[in-house]
Structure formats: structure tokens, C-alpha cells
Amino acid sequence: MDAQGTSQGPILPPAGVVHGPLGWLRANLFSTPFNSLLTVLCLYLLWITVPPLINWAIIDATVSGTDRTACAGASGACWTFVKMRFGQFIYGLYPIEERWRVNVVFAVGILLVLAALSPRVPGKLWSGGAFVFVFPVLAYVLLGGGLGLPVVETRLWGGLMLTLVVATTATVVSLPLGIILALARSSRMPIVKGTAVVFIEVVRGVPMITVLFMASVMLPLFLPPGMNFDKLMRALIGISLFASAYMAEVIRGGLQAIPRGQIEAAQALGLNYTRTMGLIVLPQALKLVIPGIVNSFISLFKDTTLVAIIGLFDLLGMVQTASTNPEWLGSSVEGYVFAAFVFGCFCLAMSRYSQALERRLETGHRRR
Amino acid sequence: MTPATPSTGPAIQIIGMHKWYGDFHVLKDINLTVEKGERIVVCGPSGSGKSTMIRCINRLEEHQRGQIVVDGIELTSDLKRIDGIRREVGMVFQQFNLFPHLTVLENLCLAPIWVRHMPRPEAEALAMSYLERVRIPEQARKYPGQLSGGQQQRVAIARALCMNPRIMLFDEPTSALDPEMIKEVLDVMVSLAEDGMTMLCVTHEMGFARTVANRVVFMDQGEIVEAAAPEQFFNAPSSERTRQFLSQILH
Amino acid sequence: MAVEAKATSSAPRTPVWRDPAIRSLAIQALLLVVVLGAGWWLLDNTRQNLNRQGIASGFGFLDHTAGFAIVMHLIPYSEASSYGMALGVALINTLLVTSLGIFLATVIGFFVGVARLSSNWLVARLAAFYVEALRNVPLLLQIFFWYFAVLRALPPPRESVTLFGAFFLNLRGLYVPAPVAASGFGLVLLAGGVALVAALGLGLWARRRRVATGQDFPAAAVSLGLLIGLPLLVAAATGFPMSWELPALKGFNFQGGLVLIPEFVAMVLAISLYAAAYIAEIVRSGILAVNRGQTEASLALGLSPAQTLRLVVVPQALRVIVPPLTSQYLNILKNSSLAAAIAYPELVSVFAGTVLNQTGQAIEVMAITMAIYLSVSLAISAFMNWYNGRNALRER
Ligand SMILES: Nc1ncnc2c1ncn2[C@@H]1O[C@H](COP(=O)(O)OP(=O)(O)OP(=O)(O)O)[C@@H](O)[C@H]1O
Ligand SMILES: [Mg+2]
Numbered sequence: 001m002d003a004q005g006t007s008q009g010p011i012l013p014p015a016g017v018v019h020g021p022l023g024w025l026r027a028n029l030f031s032t033p034f035n036s037l038l039t040v041l042c043l044y045l046l047w048i049t050v051p052p053l054i055n056w057a058i059i060d061a062t063v064s065g066t067d068r069t070a071c072a073g074a075s076g077a078c079w080t081f082v083k084m085r086f087g088q089f090i091y092g093l094y095p096i097e098e099r100w101r102v103n104v105v106f107a108v109g110i111l112l113v114l115a116a117l118s119p120r121v122p123g124k125l126w127s128g129g130a131f132v133f134v135f136p137v138l139a140y141v142l143l144g145g146g147l148g149l150p151v152v153e154t155r156l157w158g159g160l161m162l163t164l165v166v167a168t169t170a171t172v173v174s175l176p177l178g179i180i181l182a183l184a185r186s187s188r189m190p191i192v193k194g195t196a197v198v199f200i201e202v203v204r205g206v207p208m209i210t211v212l213f214m215a216s217v218m219l220p221l222f223l224p225p226g227m228n229f230d231k232l233m234r235a236l237i238g239i240s241l242f243a244s245a246y247m248a249e250v251i252r253g254g255l256q257a258i259p260r261g262q263i264e265a266a267q268a269l270g271l272n273y274t275r276t277m278g279l280i281v282l283p284q285a286l287k288l289v290i291p292g293i294v295n296s297f298i299s300l301f302k303d304t305t306l307v308a309i310i311g312l313f314d315l316l317g318m319v320q321t322a323s324t325n326p327e328w329l330g331s332s333v334e335g336y337v338f339a340a341f342v343f344g345c346f347c348l349a350m351s352r353y354s355q356a357l358e359r360r361l362e363t364g365h366r367r368r
Numbered sequence: 001m002t003p004a005t006p007s008t009g010p011a012i013q014i015i016g017m018h019k020w021y022g023d024f025h026v027l028k029d030i031n032l033t034v035e036k037g038e039r040i041v042v043c044g045p046s047g048s049g050k051s052t053m054i055r056c057i058n059r060l061e062e063h064q065r066g067q068i069v070v071d072g073i074e075l076t077s078d079l080k081r082i083d084g085i086r087r088e089v090g091m092v093f094q095q096f097n098l099f100p101h102l103t104v105l106e107n108l109c110l111a112p113i114w115v116r117h118m119p120r121p122e123a124e125a126l127a128m129s130y131l132e133r134v135r136i137p138e139q140a141r142k143y144p145g146q147l148s149g150g151q152q153q154r155v156a157i158a159r160a161l162c163m164n165p166r167i168m169l170f171d172e173p174t175s176a177l178d179p180e181m182i183k184e185v186l187d188v189m190v191s192l193a194e195d196g197m198t199m200l201c202v203t204h205e206m207g208f209a210r211t212v213a214n215r216v217v218f219m220d221q222g223e224i225v226e227a228a229a230p231e232q233f234f235n236a237p238s239s240e241r242t243r244q245f246l247s248q249i250l251h
Numbered sequence: 001m002a003v004e005a006k007a008t009s010s011a012p013r014t015p016v017w018r019d020p021a022i023r024s025l026a027i028q029a030l031l032l033v034v035v036l037g038a039g040w041w042l043l044d045n046t047r048q049n050l051n052r053q054g055i056a057s058g059f060g061f062l063d064h065t066a067g068f069a070i071v072m073h074l075i076p077y078s079e080a081s082s083y084g085m086a087l088g089v090a091l092i093n094t095l096l097v098t099s100l101g102i103f104l105a106t107v108i109g110f111f112v113g114v115a116r117l118s119s120n121w122l123v124a125r126l127a128a129f130y131v132e133a134l135r136n137v138p139l140l141l142q143i144f145f146w147y148f149a150v151l152r153a154l155p156p157p158r159e160s161v162t163l164f165g166a167f168f169l170n171l172r173g174l175y176v177p178a179p180v181a182a183s184g185f186g187l188v189l190l191a192g193g194v195a196l197v198a199a200l201g202l203g204l205w206a207r208r209r210r211v212a213t214g215q216d217f218p219a220a221a222v223s224l225g226l227l228i229g230l231p232l233l234v235a236a237a238t239g240f241p242m243s244w245e246l247p248a249l250k251g252f253n254f255q256g257g258l259v260l261i262p263e264f265v266a267m268v269l270a271i272s273l274y275a276a277a278y279i280a281e282i283v284r285s286g287i288l289a290v291n292r293g294q295t296e297a298s299l300a301l302g303l304s305p306a307q308t309l310r311l312v313v314v315p316q317a318l319r320v321i322v323p324p325l326t327s328q329y330l331n332i333l334k335n336s337s338l339a340a341a342i343a344y345p346e347l348v349s350v351f352a353g354t355v356l357n358q359t360g361q362a363i364e365v366m367a368i369t370m371a372i373y374l375s376v377s378l379a380i381s382a383f384m385n386w387y388n389g390r391n392a393l394r395e396r
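Chains as they are written, first to last, in the working numbering: chain A, 1 to 368; chain B, 1 to 251; chain C, 1 to 396.
Calculated from the structure, these hints are not laboratory results.
Where a beta carbon is used, it is the ideal one built from N, C-alpha and C, also for glycine.
It is possible that some hints are incorrect.
Calculated lysine-lysine pairs in the DSSO-like style (CA-CA distance at most 30 Å, straight line) [stated by the list, open to error]:
#1 A:Lys231 to C:Lys250
#2 B:Lys80 to B:Lys28
#3 C:Lys334 to A:Lys193
#4 B:Lys80 to B:Lys142
#5 B:Lys183 to B:Lys142
#6 A:Lys124 to A:Lys231
Simulated restraints, written as ranges between beta carbons of each label pair [what the hints assert, rightly or not]:
#7 A:Leu138 to C:Trp41: 44 to 50 Å
#8 C:Gln255 to A:Thr69: 38 to 44 Å
#9 C:Asn291 to A:Gly144: 53 to 59 Å
#10 B:Asp83 to C:Ala198: 32 to 38 Å
#11 C:Gly39 to A:Gly129: 33 to 39 Å
#12 C:Arg125 to A:Thr69: 51 to 57 Å
#13 A:Leu114 to C:Trp41: 42 to 48 Å
#14 A:Leu138 to C:Arg52: 20 to 26 Å
#15 A:Pro33 to B:Gln248: 45 to 51 Å
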């Protein structure tokens, strides 16, 4: 028993416990025979997938040139395709000389969102309000034209820009609609509640494609002759209604998280229903559901790809058309990889943000 | 049922035991012998390593140096030995840790059925006898969520007893309870002690320590500072740290 | 009059607009009027529009001849079949993709979710990468990838990728051997069925007996023997009354065997890999939601790690897992409609697509389509709620 008694100086862990990289390896990769086997299997899996991928994507890839011939003979990816079509992937068929307008809208939007969402910048109400009320008008005028700017028809809109326009519009529109639906669903009036329940459950029970079909095929039937919207508008109406049913459920979750005592306290102070909701319950509930709102924006952002099915060309739609173009036949993988990369970056960043926010809200709650 | 292997020698023997969490030296040179039928109370300031020490005894934590011998079996990483020791050692937790998806009776029967291969009727009879012993037989069909804290802790004690352990470990069994519930749990523990159960109990209930314990062990910063019979421990502690601790806890 | 006078004398009279009951009635009446009015307006417009286009309404069209072929049908169908039959074929195809997707996604999802909690750093990292990579890329993009970039890039039938000389993968799909039954094959199937039922019963019985008497029974080994042995025995007795029809290259294409069309393969692959990423997260958080103390208490009682998992952790984790899992299953159903984008013949592409275009009866077609999705959704959630209701927690 060597461990007996030596009480002078700090006693270090026995030799069996190794620190540093070797100890880390043993503890995390080779702790049991089964774990070692798994590690070896995983390493093998990585070995057969990663090097060929790197070869394809980087080492053997081509970026030079302006058409397919540049890639002839190369075994790797033909990034020339993405390079040449980059503009279309981002802006669709938006006229090249007018693209600055899209850039301005992007820049303003990103600034406002960052200001509204990052914890350190003050004046959230202002930036958030500007994003919801002022920004859409600005974007509408800049993108669509008018007020001296040349008109750009919506059938020319496309690419990432269209994806962002659709997802953002639907989120912004679905917020107020979702709040109304959520309040209606938690109302005690049977007809109000029933209407909300039917709308929410029907919309959530059917695929988004059917809603898009409704909007693109059936809307013209529903409206009186002469009253008509362009394709993008119809898609926006459909997606916004679709999104508001989901938004309603997110917000209802927040409403339910507010303790009953808050409502009772407000009523005891003499506030009526509108004031109770508007001043006490909704501000707290909305703060709680910001992560939920970000999450539904993420899924909306991904679901926007479905507009390709009714003939609008978002980022994926643009990639799809470009890769079926005879000029670039066989470049679909590069296009998909590019689109996946763009979507992946956006969604990952947003979901990380919403996770961080959730953690912050959680600790805030605990402290109370 | 269980092959009775009455080893002579102490119930628990800890010799020169050390434990580290990463670089943090939680337990330093712990030496402690618990004789059969002995009742030991462990106390000490928060974070001193009391929980860690008794959790090492049934291998909920792994020690890195030294020896722990329970009932004649040395604890190694041999899974069979660990299983054997866990069957002989019952444990009661601060947070009860009853299984919320099982009724009280099912909580009690679980281990006898699945570990001891006991037929269900027999296991249920055994369970009911222990529920009577902790004086809540009428709660057998309820779920843990439907019981008060004191009742839950008594169920937890009965659950551990159903395995017929030779040694019972208690980790602050009363500190999650309201004062009026503490007594009902302590009463059960006292009656256990009167029946000669070997007990190792982390608690700050000094009344319990005075009347029931054979020895009181004081731990601070991962070391056993003092171990003495209650009269000596409370009236003439030999170490300054113990005195300080006692003055705080006894006001 | 008298009543009113009494009311005024005992309490100040409330004006009607301040009476909450009346106010709520008024609001509801108003909403009803608005909803009904809007509905009537839309219907009236629709009626006029349809009249002008000369489209009849009603469900009679379901009996008319469809006149188009469907590449994949599990029930007899030809161009001469009715629209109603086309609907049936499409519905079955939707249900097929959905159920296969649910099955595979659940298996992969549980696997990845557990891997994400592995103590092996590399395994946990790889699982996390899987989840992040698949969750953050739109499903439609993944469907396109599998269909256009992988399956459509396969070689033509003459240069098929071949496995054991029996499986052929090419541009036209995956060709696998098809079982051909001779007389007596029914008996073998029957034996298989009997063995399956017996194995299930045996498992239940063994567990019951274990609990009741404490005696072990090697149920797993016996079941396995039963499952393999019984059908084999019957097959041997009846002289192996089945053969496999191998796909064979005839001219430019394969004949014989079973063919899984690329649209189907792409759809099942994409939908189950995508949903599995979500299910993995659900499983992971379900397992994490079970308090660490539960495991410790179970181990302290002497239960083995495997028993702890089976008797203590899983039952509790399931309670947390099932509700979000249900909504993932519903998502798989709804996402199966994306197959329309690669022309896999399911509900949306056949019925809400081709049939709608041919007949012009948009209202009826969309109503049927949505009603079907709603009822399948309802059936799935009813089942899952029933399942979860069985192990709900009882609290005070
Ligand atoms: N899993 C762990 N990883 C790292 N450090 C730990 C871990 N568990 C406990 N510790 C540390 O070990 C020390 C001893 O913890 P332990 O729980 O044994 O204290 P305790 O004496 O039981 O305290 P209390 O009276 O508050 O229960 C503490 O400083 C604690 O922070
Ligand atoms: Mg402790």
C-alpha cells in the first residue's frame, strides 16, 4: 500500500490516470474494447469518405474558365458553373444594373435584424418596429420600383433574394395574424375559439404544397373576375396564411407559459381584457417565444423552396433550372452543394442564435 | 435466497482512498473502518466530499487510489463484484429518486424481481411487510408523485430494505424535507438502527447523531478531520475546524 | 316592467354594451356574419367562374375514365381505370412512402440519438454532424440531390451496378428478385405467420413467467429458432414450393423481378434521413430529460445497466419522446407530398396534379386531397395519443 500516509505536498493522481492528449484519447476514444471498435469503425468511415470528398471539392476542382469546356477532363467539381451563375442564384433574373437595389434592401434588413436580435445593442423596440413596419415598405418600393425607380416585374425576381423575400414577408405577416389566432384560440367564446381551432388545425394538418396549390390554382377561382394577383403575390398570401397557423401555436405556447397569477394581478388592478393582454401578458409571452419565432422562420426559410413547384424560382429553383440547361448539363451536384451550403449556413446561424437565446431566457427565469 | 456468506471482519473498510475529478482532488487519503452493526454519522461543510465518499462505496463514483473493501469483497472495476456489492448495500438519496412511472409497490418489487429472481407474489408480500414497517401500507397502489416528501422518503427506505441489504447508506435523507416530515423519516431510521443495521449516514441532524451514532465522522476539504464517539465529538472535539463547524451548526 | 323596476332598484342598471355576456354574444355574432359572408362571397365567385368556364361541379367525375398511366401501382390500374381508381393508387403510394419513411426514420433516429450521447467522442461528434447537416438543408433540395444527382446519374440498364447477380441498380431503378409462389407456398407463409405469433407470445409469456416465478427462459434464442426453423421445416416438407424470379436484361431493359422506381427510392431515402435528424434530437433530449438520480437509484438497487435502461430510463424517456415524435410522423406524412416535385405518383402529383388539370374540378379535388391528409393525420395522432395515454404520469 504505497498510498498510505504520504501527506506532504499535493498527491498526484496515480499513473493509471494520464493527463494531456494521451489521457484524453484513452478516456474519450478507447475507454472500453467496444468503444475502441467504434472508434476504429468511425475512423474507417471517415477515411473512405473525407479524402475523396476533399479531392472532388478542392484538389481536383475547376474554377477557371467561363463554360463547361473548362471543366472537361477534370475529375473534380466544376465550380465554374456556380461562379458563372452566381448572380442568378442570388438575384434571379433581376436586371443586372438594378441589383444595387436588392443589395441595399439586404444590407438594411440585416442591420435591422442584427440590431433587434443582438443582446447588446439598445433600442430593440425601435429596430424591431422599424423592421416590421418601415422596412417592408422600403423593400417593396426598392425591389418593385416606383417613385422614380424603374419597375421590375416580380416574374424577374428569383434566387436567394426571392427566398428571403418570401420567408421574411410570411414571418412578418404571420406575426399579427398568429397573435390574433392565438388569442382567439384561448378565448372563452365558443364561436371565436371554434373558428380559430378549425383554421389552425386544418392548415397544420395539410401539406404546404396543397396550400400553395390552393393559392395558385384556386385563388383566381375564388375571386371575382378582373380581380387578380400576380403569381408571387398569390404564393405570398398562401404561405403567410400557412405560416400564421404555425405562428399561432408558437405564441399560444408562450401565452400558456405566463402564470395565471399575472392575469389575476392585472385584473385586480382594474385593467380590462385588452390592457391585460396588451400590457401584461403579450409582452412577456412574446419575449418567451422569440426562439420559437426564429425556429419557425428557419422552417419557413427551408419550406420556401416549395415555390419551385408552382413555378417561382427561388435559390433552389434557380439552381435546378440552371443545371438542366443544356449548356451546363451534369453540373447539378455542384449546384446542389452550393445551395445546401447557403441554406445550411443561414439555418445553422439562426438555430445557434435561437438556442443561445433559449438558454438565456431559461436562466433569466430561474433567477426570478 | 441469497447465499449467506457471513464474512468475519468489518462491514466496510476504506484504506488510503483518493479521488480526483480531473485535477480536482476531492477525497484525500480517506481511512475508515465500519464494523458490522455500527452506525456512523458523517458531517461536514458543503462541498467537503461527504456524498462523494459514500457514493464510492457502491461505485456510483470511481475512486482512483487506495482500497475499498465491502463485506470482504474489494471493489475493483470487475462488473460482477460491483453488482454483488450493490446487492448488499442499500442507498437512500436526498432527492428520494423514486421511479415516477411505477407505483409504490412496483418501486419496491422491481429489484427483488429483476435482481433476486423473486416470484412476484413473494416480492409483493415482502414489499408490503416493509411498507408496514415504514408505516404507509395504505399508499402501496399510489404513484410517487401523489405522496408527500416524507412519505416518498420512507418509500425510498423501504425500497432499499426490500433487497435485504447488510449495509445502508444514507445521503442527507432529511435535508429535502419540511421539519414535520423529518421526524417521521428519522423515526424509521432509528428503528432500523435498533434492529442492528449497519448504517453510514450523511446528515446534519445532530440530535440523531447524538442518540443513534456509535461514531461521528467530520470531513472538511476532502479529508476526514475527526472521528469520535458522539459524547467526545460534541463535548470535546480535538480539532479547531470541528469546533468551528459545531459552533456554526449548533448556533 | 315590474322586473325591470326591481332590477333598477336593487343595483344600478348596466347598459347593454357593458354587459360581458351580451358583449361576447355580439362579438361572436359579428364573427359568424363575417365568416359566413366571406365564405358565401367566395363560393358565389367560384360558382360564377366555374359557370363561365363550363365546368360541372359534383363528384361524378370520379367514375370517369382517367386515360393516363401511372408508373407505380400496387393495385390493378390501367389507362382505362377511373379517376377514383387513380385516387386509390395515389393514396396507397402516399401511405407506402409515409409508412416506410416513419419506420426507417424512427430506426435511424433512435440510433443517431443514442450515438449523440455516446461516451465515445468521435461517435458523438459524427452523430452531431449528421443532425446539423441534414436538419439545416431543405428537404426538397435533398430529394433533388438523391433523385437528380445520385439516382438519375446511375448508368443505363446495360451497365447496371450488380450485386450477387440478383440485384441491379441503374437509371431505371433498383431491380430485386421477386418471389414466385408455387402451390404449397401458402403453407410456408402460414408457417411463417404462426412462427411470428408464437415468437411474440413466447416473449410475453417468458416475461410474465419471469415476473411471476423468477425463472428465466431463453425466449430470444427459442424465438429465433422458431422463426427460422418452422417455415424452413414446412418448406422442406412441401418440397420448397417457391422460386425467385431474377431480373434479367432483355434488350435495353430488365424484365422480371421487382422494380423499385428511382422516384420511390429517392423519396424514401430523403424523407427518412431528413426526419431521422429531427427524431435523433427528440430521442436525445428525451433520454437527457430522465433525471440522473433515476439511473443512480436503479444501479444502487443492484439492477444492471441494461436493466436500468430497459426498466427505468426508457419508460420515462418515452413519455417525453412520444408527443414530439408524433408531430414528426405527421411531418413525414405531409412531406411525402414533396414527391410531386420528382413526379413520384402520390396523392398531390397524381390527384391534385394530373386529375385536377384534366378535369378542372379544382374545388372537389382539393377538398378530397385535404380531407385525406387531415384524416390520415388524425389517425396517426389518435394512435400516438392512445399509446402515450397508457404511460402517462400520475401526479398529485
Ligand atoms: N461530477 C463532478 N465533477 C467535478 N466536481 C464534482 C463533481 N461532483 C462533485 N464535485 C465537487 O466535489 C466536491 C465534493 O462534492 P460532494 O457532493 O461530495 O460534497 P458534499 O460534502 O456532499 O456537499 P453537500 O453537503 O453540499 O452535499 C465539491 O466541491 C463538488 O463541487
Ligand atoms: Mg452531498
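Hints and how they fare:
no. : hint                             : result
1   : A:Lys231 to C:Lys250             : violated (47 Å)
2   : B:Lys80 to B:Lys28               : holds (27 Å)
3   : C:Lys334 to A:Lys193             : holds (25 Å)
4   : B:Lys80 to B:Lys142              : violated (34 Å)
5   : B:Lys183 to B:Lys142             : holds (22 Å)
6   : A:Lys124 to A:Lys231             : violated (35 Å)
7   : A:Leu138 to C:Trp41: 44 to 50 Å  : violated (33 Å)
8   : C:Gln255 to A:Thr69: 38 to 44 Å  : holds (40 Å)
9   : C:Asn291 to A:Gly144: 53 to 59 Å : holds (56 Å)
10  : B:Asp83 to C:Ala198: 32 to 38 Å  : holds (33 Å)
11  : C:Gly39 to A:Gly129: 33 to 39 Å  : holds (35 Å)
12  : C:Arg125 to A:Thr69: 51 to 57 Å  : violated (41 Å)
13  : A:Leu114 to C:Trp41: 42 to 48 Å  : holds (43 Å)
14  : A:Leu138 to C:Arg52: 20 to 26 Å  : violated (40 Å)
15  : A:Pro33 to B:Gln248: 45 to 51 Å  : holds (50 Å)
Hints 1, 4, 6, 7, 12 and 14 from the list above are not met by this structure, while the remaining hints are.
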